[in-house]
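2 protein chains.
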Amino acid sequence: VNQRSDANWQSCKSDSSGTSNSGESSKESSRCSTPVLDADRTDRLRDKMRRRIESGDRWFSLEFFPPRTTSGAVNLISRFDRMGSGGPLFIDVTWHPAGDPGSDKETSSMMIASTAVNYCGLESVLHLTCCNQTKDKITGHLNKAKRLGLKNIMALRGDPIGEDWVEEEGGFSYATDLVKHIRCEFDDYFDICIAGYPTGHPEAESYEVDLRHLKEKVDAGAHFIVTQLFFRAETFLKFVKDCRAIGITCPVLPGIFPIQGYHSLRQLVKLSKLEVPEEITQVIEPIKDNDAAIRSYGIHQAVEMCKILLSSGEVPGLHFYTLNREVATIEVLRLLGLWAEDPRRPLPWAISAHPKRKVEDVRPIFWASRPKSYIYRTQDWDDFPNGRWGNSASPAFGELTDYYLFYLKSKSPKEALLQMWGEELSSEESVYEVFTNYISGQANRSGHKVMCLPWNDDPLAPETNLLKDELEKVNHRGVLTINSQPNINGKASSDPIAGWGPAGGYVFQKAYLEFFTSSENVTALLQVLKKYEPRVNYHIVNVQGRNITNAPDMQPSAVTWGIFPGREIIQPTVVDPVSFMSWKDEAFALWIEQWAKLYEDESPSRMIIQYIHDNYFLVNLVDNDFPLDSCLWQVIEDMFQLLDAPPAPPDGPL
Amino acid sequence: VNQRSDANWQSCKSDSSGTSNSGESSKESSRCSTPVLDADRTDRLRDKMRRRIESGDRWFSLEFFPPRTTSGAVNLISRFDRMGSGGPLFIDVTWHPAGDPGSDKETSSMMIASTAVNYCGLESVLHLTCCNQTKDKITGHLNKAKRLGLKNIMALRGDPIGEDWVEEEGGFSYATDLVKHIRCEFDDYFDICIAGYPTGHPEAESYEVDLRHLKEKVDAGAHFIVTQLFFRAETFLKFVKDCRAIGITCPVLPGIFPIQGYHSLRQLVKLSKLEVPEEITQVIEPIKDNDAAIRSYGIHQAVEMCKILLSSGEVPGLHFYTLNREVATIEVLRLLGLWAEDPRRPLPWAISAHPKRKVEDVRPIFWASRPKSYIYRTQDWDDFPNGRWGNSASPAFGELTDYYLFYLKSKSPKEALLQMWGEELSSEESVYEVFTNYISGQANRSGHKVMCLPWNDDPLAPETNLLKDELEKVNHRGVLTINSQPNINGKASSDPIAGWGPAGGYVFQKAYLEFFTSSENVTALLQVLKKYEPRVNYHIVNVQGRNITNAPDMQPSAVTWGIFPGREIIQPTVVDPVSFMSWKDEAFALWIEQWAKLYEDESPSRMIIQYIHDNYFLVNLVDNDFPLDSCLWQVIEDMFQLLDAPPAPPDGPL
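Residue numbers (my numbering), protein chains in the order written: chain A, 211 to 864; chain B, 211 to 864.
Treat the hints as calculated values from the structure; they're not laboratory data. In this text the structure is predicted, and so the values were computed from the model without any measurement. Ideal Cβ placement from N, Cα and C applies to all residues, glycine included. Be a bit skeptical, because a hint or two may be false.
From the derived model, a few chain A residues whose C-beta atoms are all more than 12 Å from chain B [said to hold, decoys possible]:
id	residue
1	K315
2	K451
3	W843
Listed next, the stretches of chain A that the computed footprint assigns to chain B, with coverage defined by at least 3 CB atoms under 8 Å from CB atoms of chain B [said to hold, decoys possible]:
id	stretch
4	756–770
5	775–785
Just a few of them, taken from the derived set where beta-carbon distance is under 10 Å, the chain A residues facing chain B [said to hold, decoys possible]:
id	residue
6	F594
7	N596
8	R598
9	W599
10	N699
11	P712
12	G714
13	F718
14	P744
15	V746
16	N834
17	D835
Using the sequences and the hints, build the whole thing.
Structural data, given as structure tokens:
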């Protein structure tokens, strides 16, 4: 219920490990020193699979390829957030040898996979091909992947460059060599996936020889198999049977390719040297110019095949070749009932999947709408707060100087931002109007809806609608809200809007409101706040860092917490006076970096934003009496009344 | 609201430091890494005094002397608990040179002061006299005091042994030397108190010379002065004025001696070489054989004098010579309004004042009625849980083999225990009766009230009366309860019964019930508990350590917590599966150590207790749905119903 879009989901499906492990446990049981909120967060991919197989919970995974352009990267990251919300067990990113895949470029395989892990919280598998690569080069890639928090590798041979296939001295000829190398150099660190070919590898001597190669790859240390796409369920089921027959026991995941268009199918078939079965060609050829019809058929065909696969009992999860598209895959998953429509959230904010952050369960509320920025600025921390903020968090936030990092960048181009925020500003009030329109969802004077603000890159979360009337009113008068949450006095952890965390718990919130406002308003506000001691805690700061607060001893204060069966209390969101000073720098800088710079130097529009940046205060208010209705709107109302009151006559009535 | 007596108070008076320090604070403010629940707990004595002086909060302190016998020590420790509840700023323990004062004997000054700090949570000052002592001996005492957690020393010369006063080579002649020595050897570690003589030290050349000596003692590094007793307010006020005139600026606390009897007054006057003023002798002499009248006059006289002192503005606190008695001092303090009638508790359990434990704010619920045993068993820990149990608590509990340590010992002698618990037991049911009588407060068959049990050394806490009917009922049927708390869904932290912690907060509890019961009952209980998944968490263990639980991953679970303005959440009580195994050993051992051993070897009574010890289970239950009425009584009721139900016919109805 925040003024933010919670791209914040992360399926909790497998939290069934909760309270059911009744039984005997001996005195020797060692204390679990970190409360495991969600086993999915600490387990390795192979363990997650094992648990899902044991519990009979089917999963799905999604394959993407790296984008060609920076704006493609921005879009793909947004897609990760959206498709992540459906609850994939993992995603994988293909290795694009021609695209400098191991580099720091925004479009490299390595960077895309790293962003998926660190900023989107997705369990991710990085592909890696070994042909035409030296061992050193490969080891370098693996070291870098490890450093970036990647834990899973899809080990592939890859296609040789040029026509002829030449075994290289000291290099790798087969994926088996790569698997062996990973195990040899990195022991058990990486979970390893390998490719299986339901109809045999096109270059293999025979289906049987190819199966034996697959067995060798597994024996070399792979953990699971993802197959090449296929068109008939029986193709896959025979393949699995043959795998089992020669002693391959690891999970074998079918690669599903929903047909999304005539030409993409042709191209893929050509590349993969597969044959499209008669029954499919017969349907497709007559409608080959009707894209919608083909897509519709593709979905139907994939769903029917998946149903057979799932009902066979041989398929614990489905792997989708998405071609970086959303619609068809999501539709197939919805029809199969695998898409998490109402995903449970382990915490109220979007977690990162970097192994270093696996115990992280507390964050300052300030970055609620900019979680990727928070992750970026804390990426060098060695420890993350676990259970409490005060004790273990490093106080040193990294600077945020590059506002154009692709995972932090606004999704909207400059033109769209100008349309939303005004081609030209005439006064501070025109800024108030932008905020008001963002809240109300109404179009502005030039007919454009304000879909984002520098502090909120997404439209208002549906929950914030509950606060809409109040927010609209105060923004209209120059209380420019950028973050808020209502009070919650014990809702079920399963509540579709407010809920998070394990089943059977209760979640709570203190009302919170954060806004920019003029120094004139702040003077009145401070007068008013005296009446609200000690109910309301406040921090008020301007860009120079002048800080006015009534927080005791600069301690952090919990504003969101949850009580769960058999656990310690989890308090994932705090107002921390010290980190507020770091947030203040970022929040003020966004006026300039994201808004003022849209306008010419010295233009009136730019000077208005600069004036606000230089003179306004950033205010946050917490209402400590969470069981009562929030008094924060009354605080603002009192402030307006004080401002509106005629000045008191100097000497009583005449 | 526990089945325990909360000797658990510790005044919060000075927590006014809370939310009032509004003002500017710069960006440099360092993060406070431990949430300071109660500044009194971390401050040094001199800082506490300074804060009280600044805030105008008057305090009192209490002087005791070490007891002569072990049972005297047991009684004095109980007195510390009772008198501590009135909120003294500190207590002090005199140095008794003839009583081996620095030894490990239960009656030594050192041990009594250490127990006051560690087990009673009292800020304590240990007296130390230096005459006839070598420097090494003194340093040894100081090192030991430091090791035991003592932080304050009253530096005295003491009376020379024998008639003649000889300055010793390399020894100490005056308290000034001792003050210098403490500062030289221990720098700033100890807060140092010295004695002042409002009418001059009897051995001093003159009042003026004595004042100059006092100034020297202060200049040597003392922090505050406590005066010898006196009988007229003006004596003290003149003395303070004279002190200020020669540049003594530290606090000067008047020593108050409420006259408690004719002979004790005579004796004291003789020892201290003081003169009793005419106006007092005139009143006392005529009533010298009427003890009650003298006590009554003593209270009146002390109150009147204290009122003058307090209203003078020169007296920030009063120091009472209690003579180890309670009534007169408490009465004087009550009449002055200084006795804390309804002391605020910083935490729901009685804290220890050992500096190592200043951050401790989480404990397992199991020792709720035996906090001194908990302190004893964790005294070797290097870290104490701060904010959470899971993260920082050492899992290694010390063994409790000596059940007769004076601070752990039952206050009742063996004869009284036999009267309460039965000279002779005839069956398990007679044990049930003891428990039932303890709960109901009714006299047993031989006419004695059961005032304690091996697991509860005090009568039921008044709060537990709320649960009395249910408790009585289940104990009668062999569910032998030893600990319980009702659920609380957000009561004010100022609530006189359930409240604890800083002002303006809310406290919560999950319902908890802990009991011994037969294995037959446990079998039925486990059947019943299936219906209460996941609402109820349970741990069930027998003396051999066979452990049945549904706790997830052996994690600790918070059962008491509080939400306060501007702070992180405090969760001071947990059910921790690992420490339950240590508690289990203690709880089972108490059957034997405290109860069975009252009876002859091989006697039927002893065998009954031994049978229970060997065959019963210790059970704890937590109801996770704290906003709802506790279901734990229903769980027990269901168990009884299952036990009462006729065995199901093997094959449905006829």
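Hints versus structure:
1. Residue-level check passed: A:K315 sits 37 Å from the nearest beta carbon of chain B, beyond 12 Å.
2. Consistency note on A:K451: stated as away from chain B, and its beta-carbon is indeed over 12 Å from all of that chain's, at 38 Å minimum.
3. Non-interface status of A:W843 relative to chain B is upheld: no Cβ of that chain comes within 12 Å, the nearest being about 19 Å off.
4. Here's how the stretch 756–770 of chain A fares: 13 of its residues keep a CB closer than 8 Å to some CB of chain B, so the rule of at least three is met and the hint holds.
5. Residues of the stretch 775–785 of chain A with a Cβ under 8 Å from some Cβ of chain B number 7, which satisfies the need for three, so the listed coverage holds.
6. Nearest Cβ of chain B to the Cβ of A:F594: about 13 Å, over the 10 Å cut. The hint is violated.
7. Below 10 Å, beta-carbon pairs count as interface contacts, and A:N596 has one with chain B at about 6 Å; its hint therefore holds.
8. A distance limit of 10 Å between C-beta atoms decides the matter here; for A:R598 the minimum to chain B is near 4 Å, and the interface restraint holds.
9. The restraint placing A:W599 at the interface with chain B holds, with a minimum CB-CB distance near 6 Å, inside the 10 Å limit.
10. Annotation: A:N699 was flagged as interfacial toward chain B, and the flag holds, the nearest CB pair being 7 Å apart, inside 10 Å.
11. Interface restraint check: A:P712 against chain B, minimum CB-CB distance 8 Å, threshold 10 Å, status holds.
12. Here the hint on A:G714 is kept, as its CB sits about 5 Å from the closest CB of chain B, short of 10 Å.
13. At a threshold of 10 Å, the smallest CB-CB gap from A:F718 to chain B is about 7 Å, leaving the interface hint in force.
14. Interface hint status for A:P744: upheld, as the beta-carbon distance to the closest one in chain B is roughly 4 Å, under 10 Å.
15. The restraint placing A:V746 at the interface with chain B holds, with a minimum CB-CB distance near 9 Å, inside the 10 Å limit.
16. Here the hint on A:N834 is kept, as its CB sits about 4 Å from the closest CB of chain B, short of 10 Å.
17. A cut of 10 Å between beta carbons decides the hint on A:D835: the least distance to chain B is about 8 Å, and the hint holds.
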